[in-house]
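Participant: All chains should be built: construct the whole structure from the sequences, respecting the hints.
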Amino acid sequence: MNLAQYLPVLLFILVGLAVGALCLGMGNLLKPHKADAAKNSPYECGFEAFEDARMKFDVRYYLVAILFILFDLEIAFLFPWAVALKDVGLAGFVAVLIFLTILVVGFVYEWKKARLIGSESWGGSALTGSLHMNEQLQQRAFCSPASTRR
Numbered sequence: 003m004n005l006a007q008y009l010p011v012l013l014f015i016l017v018g019l020a021v022g023a024l025c026l027g028m029g030n031l032l033k034p035h036k037a038d039a040a041k042n043s044p045y046e047c048g049f050e051a052f053e054d055a056r057m058k059f060d061v062r063y064y065l066v067a068i069l070f071i072l073f074d075l076e077i078a079f080l081f082p083w084a085v086a087l088k089d090v091g092l093a094g095f096v097a098v099l100i101f102l103t104i105l106v107v108g109f110v111y112e113w114k115k116a117r118l119i120g121s122e123s124w125g126g127s128a129l130t131g132s133l134h135m136n137e138q139l140q141q142r143a144f145c146s147p148a149s150t151r152r
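Note that the sequence shown covers residues 3 to 152 in this note's numbering.
Warning: the hint list may mix true and false statements.
[To be verified] DEER-style ranges, computed between Cβ atoms:
hint, residue 1, residue 2, range
1, 101, 64, 32 to 40 Å
2, 15, 64, 27 to 35 Å
3, 82, 3, 17 to 25 Å
4, 92, 30, 49 to 57 Å
5, 42, 101, 46 to 54 Å
6, 105, 30, 13 to 21 Å
7, 4, 70, 37 to 45 Å
8, 114, 64, 31 to 39 Å
9, 33, 91, 50 to 58 Å
10, 33, 73, 37 to 45 Å
Rather than coming from a laboratory, the hints here were simulated on the basis of the structure. Glycine is no exception: its CB is placed at the ideal position from the N, C-alpha and C atoms.
Facilitator: In structure tokens, the structure reads:
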């Protein structure tokens, strides 16, 4: 096994880590060191904060975000497979079928447990669920829609 072929990958990782550490270090060295109470206070659309700036969101929003990441990764795995479809043969095809089956079973499980936006606990269909989420976000918005109109 020739480890010399991995040298560019190792060099790429080391340079990336060094650039990140350099940026963080320079930011800490060059930042102003005075903590000002006005800069640390919440400020919303030119007004003082109406309520606590840290809102609590329903856990289902995070579940939807996690599902998005999972299906995004699924696409990231499917593109190389589709490019090399002729080379992977039947074993590669069966492996992707197993992979997709596991993802579909997990998605159906989440749907049946009513943990997704659009399920019955969110108000019925996917459209009404997304409208409900939009209403909640508008109620918690920092700026009212009337203040942004010109």
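Participant: All the hints need checking, so say for each whether the structure fits it.
Facilitator: Evaluation of the provided hints:
At about 24 Å, the beta-carbon gap between residue 101 and residue 64 misses the expected band of 32 to 40 Å. For residue 15 and residue 64, the hinted distance range of 27 to 35 Å is satisfied, since their beta carbons lie about 30 Å from each other. Checked against the given bound of 17 to 25 Å, the beta carbons of residue 82 and residue 3, roughly 23 Å apart, stay inside it. The hint said 49 to 57 Å for the Cβ distance between residue 92 and residue 30, and at roughly 55 Å that hint holds.
For the pair residue 42 and residue 101, the supplied restraint of 46 to 54 Å holds, since their beta-carbon distance comes to about 47 Å. Taken as a hint, the range 13 to 21 Å is violated for the pair residue 105 and residue 30, whose Cβ atoms sit roughly 42 Å apart. The hinted range of 37 to 45 Å is satisfied by residue 4 and residue 70, whose Cβ atoms lie roughly 39 Å apart. For residue 114 paired with residue 64, a C-beta distance near 19 Å fails the hint of 31 to 39 Å.
Distance hint for residue 33 and residue 91: a CB-CB separation of about 56 Å, consistent with the stated range 50 to 58 Å. Checking the proposed 37 to 45 Å range against residue 33 and residue 73 shows it holds: the Cβ atoms sit about 39 Å from each other.
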